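Protein chains: 2
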Amino acid sequence: MPQLRVALAQVNPIVGNVAHNSALILEHCRAAHEAGAHIVLFPEMVLTGYPIEDLAMRASFVAASRRAADELAERLAAEKMGDLVAVVGFLDQVPGVPSGFGIPKNAPQNSVAVMHGGEIVARQAKHHLWNYGVGDEARNFVPGSTINVVQVHGVDVAIAICEDLWRDGPSAAARAAEAALLLVPNGSPYEANKDDVRFDLCARRAVEGECALAYVNMVGGQDELVFDGDSLVVDAEGRLLARAAQFSEELLFVDLELPAATDTMPSTDATFSGLHIERTIVSAEPVAPYEPLGSPVATPLDDLEEIYRALVVGLRDYVEKNEFRSVLLGLSGGIDSTLCGAIAVDALGAERVFGVSNPSAYSTEHSRTDAEELARRTGLDLRTVAIAPMVDAFQDSLSLSGLAEENLQSRVRAVVWMGLSNAEGHLVLACGNKSELATGYSTIYGDAVGGYAPIKDVRKTLVWELARWRNAYAEAHGEVPPIPENAISKPPSAELRPGQLDTDSLPPYEILDAILDAYVERDLGAAAVVAEGFDATTVEHVVTLVDRAEYKRRQYPPGPKVTARNFGRDRRVPITNRWREHLG
Amino acid sequence: MPQLRVALAQVNPIVGNVAHNSALILEHCRAAHEAGAHIVLFPEMVLTGYPIEDLAMRASFVAASRRAADELAERLAAEKMGDLVAVVGFLDQVPGVPSGFGIPKNAPQNSVAVMHGGEIVARQAKHHLWNYGVGDEARNFVPGSTINVVQVHGVDVAIAICEDLWRDGPSAAARAAEAALLLVPNGSPYEANKDDVRFDLCARRAVEGECALAYVNMVGGQDELVFDGDSLVVDAEGRLLARAAQFSEELLFVDLELPAATDTMPSTDATFSGLHIERTIVSAEPVAPYEPLGSPVATPLDDLEEIYRALVVGLRDYVEKNEFRSVLLGLSGGIDSTLCGAIAVDALGAERVFGVSNPSAYSTEHSRTDAEELARRTGLDLRTVAIAPMVDAFQDSLSLSGLAEENLQSRVRAVVWMGLSNAEGHLVLACGNKSELATGYSTIYGDAVGGYAPIKDVRKTLVWELARWRNAYAEAHGEVPPIPENAISKPPSAELRPGQLDTDSLPPYEILDAILDAYVERDLGAAAVVAEGFDATTVEHVVTLVDRAEYKRRQYPPGPKVTARNFGRDRRVPITNRWREHLG
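Just so you know, the sequences run in chain order U and Y.
Mapping of the first sequence onto UniProt numbering: residues 1 to 584, in sequence order.
Mapping of the second sequence onto UniProt numbering: residues 1 to 584, in sequence order.
For reference, chain U alone in the conformation it holds in the complex (with noise of 0.2 angstroms):
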């Protein structure tokens, strides 16, 4: 049977560069060129970066996209590189450009070109557009209405980008059109305990469509989604062939024996499922017989690793991709802040992190010595300043009380923060969790301040968690545990008045982080949480909190998904919302 070596990307492009992009790509195809590829496969729209959301319907950065991909094309065969076969995600156009109701406007495709020669020779739109959870590609690309079928070396090779591999069909199409091996670009974000089900489902699709499917996915954070790899190959019976590690950029190889396309070229207007199937021969001659060569095949992470793994490279490229050099966070000693300032020093180096001290008149001295202590063991940089002056200084002409007056601390606290980020050139971190962002319990241009917000998509008990793996994970490879024990052990507090303690506001967290997984993570209404065996009472003050607390988690900085309903792209309702769950 015909051989062929296939490379997979697995990169880490920036949303809007597309010459930082188009560099990136050309770096990996000589790469793959040099060892002897003969296709290489990127991630989805590698070349625009991803997701691009409303810049999909601008005509100049879709003239810039169009540009870009046919410049690349020539630059291979400039390059001698014109026998290698370069499968590129980009944002493409729908020939003639339609207009009218229910065509997003310029009509761009989420695609994928197949580069040979110097030139396109084939290109594929995405058919299902991914329109739920995060992504909104109803909004912004036109489905595509081709399968394209390109022989390699005497091999059918079929595509399927992204979501269309989780719909009945693609296989399916790769089966009708008798195609032996089928790509699959890939921007799929990272998500928490989906367990293995990227190879089950390539191991089902490759098995229906009786081909070798090859997954290649991105990696890096954008914004609010982590993208991690777990790029993988699995032969035509489902068996795991190769796979690339978690979160870093990798060329991943795979040599493969596929079966000889049929002699017979079926007819030019074939379809399946609605969709035209178009047939390209890039090169009917197999390639010389070669010794292949063995490929990795990493071992996916365990659980608590690979969320700490997303949180840090969901930071690091936020700050990164931004061109931030430093990053600045309050210390409290809190385990929120201190779990924020170990992931800060994994992820950027511990000189590009600055801690502040900040206490007040009800600042508990482990407030300050538990911030000291993990500077101490990390060598980020800490200083002091206390607040009680400019407290003080709003008092003499305001007297607040109560909530307000604990809300006045925290916002003076944000004020120096925001000062020295101005001054010095940092990204503030808010370091809230997931547990307060729904329910409310953070002030608003206080502790929520910030351009980013490491762990908002943590709950707090998983915040514990992370923490006590962190430092077994330094135990294990023997490094200083970065994070002070008392800080773990200790019962959470604002320190916004005296002997103040979260559970005078809030349930025991291992009670509200369970309410809150039945009520937002599996969209329970408030009766069926309470039918699960939760204290009504206790339930309908969960569910009244997260209803009324809206507007601050809209007010909130991003921060990295981590869960199936993160609070940012996943879960859209309206702040005037009256809607109340009712128990009865």
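Keep in mind that the hints are not guaranteed to be accurate.
One copy or two, it doesn't matter: identical chains are merged, so the pair holds either way.
[What the hints assert, rightly or not] Listed next, the in silico EDC-like pairs over lysine to aspartate or glutamate satisfying Cα-Cα at most 16 angstroms (straight line):
hint, residue 1, residue 2
1, K105, E53
2, K490, D502
3, K105, D570
4, K105, D523
5, K490, E373
6, K490, E465
Think of the hints as simulated: they come from the structure by calculation, not from any bench.
All figures in this text were calculated on a predicted structure; none of them were measured in a lab.
We have chain U already, so just place chain Y on it with the hints.
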């Protein structure tokens, strides 16, 4: 020909408050019935409010809407209004609740219920989902598959929901079904300078469908949208028969003489464009001849009055629907906060509007006197809190200079406003205009603080026009012009350093607004903007400011949509976006 009295209920529902909306509908049914109407028509999704976004996919909410619709039909019969045909928009669900990829969770539909005799006798779901600009319906709803024709007193009546009217099809369907009247329930947000596109469209569709057409729209504010009503009725020749006033609730009656339904019932399996035509006979007997009443025909408002009213209604409903008692805003004496103060007084009454003057070391004398003059003219409450002591307290620790020092003053003001808001329960208003928002000319966590931004979609040059219009309107009505002349005529300044003027950082507003119109409203690329005759350096400057200000815009409070490209729901681009327009 048979007669029908149709009532169009132009009402203001509240998103999520199903009980309130049910009562509102019932009250209007009573009034319509009492006035002898045979049909009463309500806006799109009036029972749930609109738009409901991801609430559509909560099973408990779908169930509440369906239950409320059934109860409403029963209630109408119980109150002896069973003979009235009530056409009520609600959140429905595909029978059997199919699930799978491509189907929104719980299979929700944007539907209307036709109520008669104590039950729902027909239901029709929207065919063409609104999926551009501020609409996200493809994410939230399953499109409908039926066209319903209901015979009422011997007249065949068809239905087209909102967006369905804009596509080719529904009027042709009405014609194919030989309906004599097309009912069109809408949730159509206000947008300036639409000319009279609604009337033109209704007239064209009526002629195409050879049927009279009754178009009902909601009124009121919902987060970033304002619905302006403008309900209207045209006859089969496209002549305007009745029109409701904009921005206020109204029950509009019209008497129609319409062709009788043909005796022969078309086949039960008729289809049009893939939609199944379902027929229901409510009553075949024409009503006894009666003397028709005349109908009001309101004149649409002039452009400036229309925009001003939209801003007033948007603010009023955000305050009322979120149950705030009052608003608080910083009054700098500049035109933006002054106009916001005037709008707030018009929306809520002076006794619910609280202004704060926060003079600093760099404030001019007129910043205080102009604010006092506004308070004197309108009667709003004004207090003064000087910020120098608080600024000094921060500077003792931080010694900030330059932009950091400027921002510090703005943020200290915001802490004062939020302290007063927390202590006294006011909603804080952010007073920035669209030109500032576009270019990022504001301080995040400073003047950008607040729960609602009344003029965030109003460009600076329009701010001045609206201020002049408001004063002229007062003079024409023998009232005191609310806005001090000096606030309109003085050159704009942030007053954050000595002698500062906006033109130190930005082009003159006439030029800036024209460039923003091309780059933002019309989506032109930078090179195309230059080709319109603007200076290339100025365009590059403005485009760079706009591209880099996305994070600030995201953090800005919501405000009423006025233009085709507001910076809320209309235009969604990534924060991490390195796309840079090139002039070459």
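Can you tell me if K490 and E465 fall within 16 angstroms by alpha carbon in one copy, between copies, both or neither? within (14 angstroms within a copy, 59 angstroms between copies)
Given identical chains, is K105 near D570, meaning Cα to Cα at most 16 angstroms, within a copy, between copies, both, or neither? Classified as between; 13 angstroms across copies, 24 angstroms inside a copy.
My question is about K490 and D502: at a cut-off of 16 angstroms on alpha-carbon distance, are they close within one copy, between copies, both, or neither? Answer is within: at 12 angstroms inside a copy they meet the 16 angstroms cutoff, but 50 angstroms across does not.
Checking an output row: K490 and E373, CA cutoff 16 angstroms. Within, between, both or neither? within (15 angstroms within a copy, 55 angstroms between copies)
Same-copy or cross-copy closeness of K105 to E53 [CA-CA at most 16 angstroms]: Within one copy, since 13 angstroms is at most 16 angstroms while 22 angstroms is not.
Between copies, within a copy, both or neither: which fits K105 and D523 at Cα up to 16 angstroms? between (34 angstroms within a copy, 10 angstroms between copies)
When held up to the earlier numbered hints, the structure conflicts with none and fits them all.
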